[in-house]
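Protein chains: 2
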Amino acid sequence: MNPIVFVEALQKEIQSTQYGRHPAELYDPIQYIMSLGGKRMRPLLTLMGAYLFTDEWEKAIKPAISVEVFHNFTLMHDDIMDQAPLRRGQPTVHEKWNHNIAILSGDVMLVNAYELLLDITPDKLRHVLARFNRTAAEVCEGQQLDMNFETRWDVTEAEYVEMIKLKTSVLLGYALELGGIIAGADAESTNHLREGGINIGIGFQLKDDLLDVYGDPAKFGKQVGGDIIANKKTFLLIEALEKAGGTLLDELNGWLSCREFDKAEKVRAVTEIYDKLNIRQVTEQRISDYFAKGLSNFEQVQATPERKEMLLSFTRQLIEREN
Amino acid sequence: MNPIVFVEALQKEIQSTQYGRHPAELYDPIQYIMSLGGKRMRPLLTLMGAYLFTDEWEKAIKPAISVEVFHNFTLMHDDIMDQAPLRRGQPTVHEKWNHNIAILSGDVMLVNAYELLLDITPDKLRHVLARFNRTAAEVCEGQQLDMNFETRWDVTEAEYVEMIKLKTSVLLGYALELGGIIAGADAESTNHLREGGINIGIGFQLKDDLLDVYGDPAKFGKQVGGDIIANKKTFLLIEALEKAGGTLLDELNGWLSCREFDKAEKVRAVTEIYDKLNIRQVTEQRISDYFAKGLSNFEQVQATPERKEMLLSFTRQLIEREN
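Protein chains in written order, with this note's numbering: chain Z, 7 to 329; chain H, 7 to 329.
Just so you know, the hints here were simulated from the structure itself, not pulled from any lab data. Treat the hints with caution; some may be incorrect.
Copies of the same chain look alike in the list, so a pair counts if it works inside one copy or between any two.
Below 25 Å or equal to it, Euclidean Cα-Cα: the simulated SDA-like pairs (lysine to any residue) are [what the hints assert, rightly or not]:
| no. | residue 1 | residue 2 |
| --- | --- | --- |
| 1 | Lys299 | Ala30 |
| 2 | Lys238 | Thr127 |
| 3 | Lys171 | Arg27 |
| 4 | Lys238 | Ala30 |
| 5 | Lys239 | Ala30 |
| 6 | Lys45 | Glu315 |
| 7 | Lys130 | Gly44 |
| 8 | Lys171 | Asn106 |
| 9 | Lys314 | Leu258 |
| 10 | Lys238 | His28 |
| 11 | Lys68 | His133 |
| 12 | Lys65 | Thr253 |
| 13 | Lys102 | Asn154 |
| 14 | Lys269 | Ser294 |
| 15 | Lys68 | Asn8 |
| 16 | Lys272 | Glu312 |
| 17 | Lys65 | Glu312 |
| 18 | Lys130 | Ala224 |
| 19 | Lys239 | Met40 |
| 20 | Lys225 | Leu318 |
| 21 | Lys68 | Arg137 |
| 22 | Lys102 | Ser302 |
| 23 | Lys269 | Glu168 |
| 24 | Lys299 | Met87 |
All chains should be built: construct the whole structure from the sequences, respecting the hints.
Here it is in structure tokens:
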């Protein structure tokens with residue numbers, strides 16, 4: 007089985023999904039944000055989770071789209087909260103329409119995500135809904151923690167990892183688990199799928215933080231050092247603030263409080279502080295720990311090696327990515 | 007059976023419901039808005055709907071709270087959109103906390119509303135969810151139409167009634183229907199409950215519009231004429247704009263476009279225009295038509311007259327209210 011088959015099935019389903027018609031101001035933004043693209047990683051995980059146990063992976067398509075609709079609902083509302091002008095290079099919904107429309111379209115998207123779950127057979131529906139409710143609440147909790155952290159300078163490493171776990175990783179775990187549940191997998195396997203998705207997700211987010219500083223500029227795609235310039239509270243910065251002392255801490259705090267600076271100079275100087283504190287090695291170790299835990303979770307899933315190959319190969323791509 | 011028993015059971019359940027704990031910024035606003043009170047009309051309708059068919063109305067308590075949580079979620083988000091400073095005489099969530107918290111707390115409230123529905127037995131869950139999804143989407147559609155109408159002066163009577171039906175009445179219909187479904191009522195009866203709730207709801211909203219102009223100041227509680235002062239597009243104004251011609255239309259448009267005026271004089275003058283156009287009689291007729299339709303729906307519900315008495319007496323109170 008080639009994952010391209012899944013991607014194409016998902017694209018087709020997304021294009022043909024009707025979210026509602028009238029009034030247009032409510033439903034056009036949903037079509038808009040869903041058409042902006044993205045890697046469709048979450049629904050792909052759901053199909054891969056189902057394929058581990060069954061050839062009838064098509065039974066998981068509408069629930070897979072539900073995950074993608076939920077994800078895009080969170081993007082629509084997060085973009086309001088972050089006052090983001092662009093999403094995937096296009097105007098955000100609150101910019102293209104207005105704030106009120108972005109709030110209300112997002113609300114009805116969340117309802118649409120629940121509606122797409124009704125495709126699930128009645129014997130599994132309650133279980134899936136309980137898992138989805140928990141996950142959706144956790145994603146909101148993660149977003150709230152992220153906002154709380156913006157005004158705090160004493161965020162610990164553990165708090166930061168908990169935040170990214172809630173804000174982004176639990177949804178990856180749920181996406182995988184969902185596929186397993188629909189395919190009729192045993193409870194132990196679906197738990198391992200969820201935990202595996204969460205661990206890979208945390209590793210993925212920490213790698214995001216790492217690449218922003220230590221990525222290869224030729225491969226990274228974005229400007230290296232963007233997080234440093236913006237004082238973004240990443241794993242690296244939190245770790246550095248925890249480890250640094252004396253003049254090194256003064257120097258780091260100096261850069262954090264400095265309002266006018268040469269961007270390249272700040273990136274170079276803060277990276278040097280990170281280097282002196284071994285932040286790169288510490289972060290790489292944590293990333294590889296989470297990836298190893300995730301792969302070990304996947305090992306314990308009761309499916310054949312042939313069935314697992316697609317998920318494992320996809321996971322390896324996530325692990326090895328450099329952009 | 008005394009409805010006070012239901013009200014007290016609901017209050018107790020609302021007080022003991024845990025929506026979540028951490029982070030506090032996410033969950034405190036839910037406790038706050040749920041504690042502001044209100045008539046608890048919607049969950050009461052759910053319990054009354056269940057009591058029509060069963061003594062085990064307590065099975066409907068958590069789903070009834072789900073309706074109240076959903077209703078308060080819409081209030082939290084509507085208050086942001088309407089920039090309302092007060093809700094039930096207390097600061098709105100976006101005023102007491104901030105906009106972002108009101109968006110995100112509202113989101114997690116909607117998830118909580120779904121979670122409370124999981125109390126329903128698996129054999130009825132799918133049906134209830136399908137009805138709730140449709141209703142929730144319609145409520146959003148109604149709110150969007152209401153916002154669209156703010157900048158339109160050609161809203162027809164039919165469009166206005168459709169808007170209030172979606173924005174407020176379908177939720178009353180769903181609340182009643184929900185009770186019936188949980189109690190195991192036949193499909194025809196639950197449909198009549200829903201339609202009855204919708205018709206009474208429309209009558210209720212039109213009476214709101216009427217009382218604002220023709221209410222007894224001693225009984226009304228609010229300032230009579232508030233809608234006229236604010237140029238609010240009520241059924242009466244839309245009807246007047248449709249019926250008026252010649253100098254009467256000029257006079258009405260004059261008051262609508264006038265930026266500086268004596269409030270009492272505007273109220274008196276616009277009321278006089280309404281009087282000349284027979285708006286009061288037309289509106290009263292429409293209200294009594296909707297109430298009659300609603301009562302006729304309830305007549306067709308397959309339950310004993312004894313069981314129906316509470317719902318009918320509650321409906322009569324709604325019909326006869328003067329504030």
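How the hints compare with the structure:
1. Lys299 / Ala30: neither (46 Å within a copy, 31 Å between copies)
2. Lys238 / Thr127: Neither way: Lys238 and Thr127 sit 44 Å apart in one copy and 47 Å across, limit 25 Å.
3. Lys171 / Arg27: Between copies, since 17 Å is at most 25 Å while 35 Å is not.
4. Lys238 / Ala30: Between copies only: 23 Å across, 37 Å inside.
5. Lys239 / Ala30: Classified as between; 21 Å across copies, 39 Å inside a copy.
6. Lys45 / Glu315: within (20 Å within a copy, 58 Å between copies)
7. Lys130 / Gly44: neither (29 Å within a copy, 37 Å between copies)
8. Lys171 / Asn106: between (29 Å within a copy, 21 Å between copies)
9. Lys314 / Leu258: For Lys314 and Leu258, neither the intra-copy (45 Å) nor the inter-copy (73 Å) Cα distance is at most 25 Å.
10. Lys238 / His28: between (41 Å within a copy, 23 Å between copies)
11. Lys68 / His133: both (16 Å within a copy, 18 Å between copies)
12. Lys65 / Thr253: neither (60 Å within a copy, 65 Å between copies)
13. Lys102 / Asn154: Cα proximity of Lys102 and Asn154: across copies only (16 Å, versus 28 Å in one copy).
14. Lys269 / Ser294: neither (30 Å within a copy, 71 Å between copies)
15. Lys68 / Asn8: within (20 Å within a copy, 46 Å between copies)
16. Lys272 / Glu312: This pair counts as neither: shortest intra-copy Cα distance 49 Å, inter-copy 79 Å.
17. Lys65 / Glu312: Within one copy, since 20 Å is at most 25 Å while 48 Å is not.
18. Lys130 / Ala224: neither (47 Å within a copy, 57 Å between copies)
19. Lys239 / Met40: neither (29 Å within a copy, 34 Å between copies)
20. Lys225 / Leu318: Classified as within; 23 Å inside a copy, 71 Å across copies.
21. Lys68 / Arg137: Both ways: Lys68 and Arg137 sit 16 Å apart in one copy and 19 Å across, limit 25 Å.
22. Lys102 / Ser302: neither (44 Å within a copy, 47 Å between copies)
23. Lys269 / Glu168: Neither way: Lys269 and Glu168 sit 30 Å apart in one copy and 56 Å across, limit 25 Å.
24. Lys299 / Met87: neither (33 Å within a copy, 45 Å between copies)
Of the numbered hints listed earlier, those contradicted by the structure are 1, 2, 7, 9, 12, 14, 16, 18, 19, 22, 23, 24.
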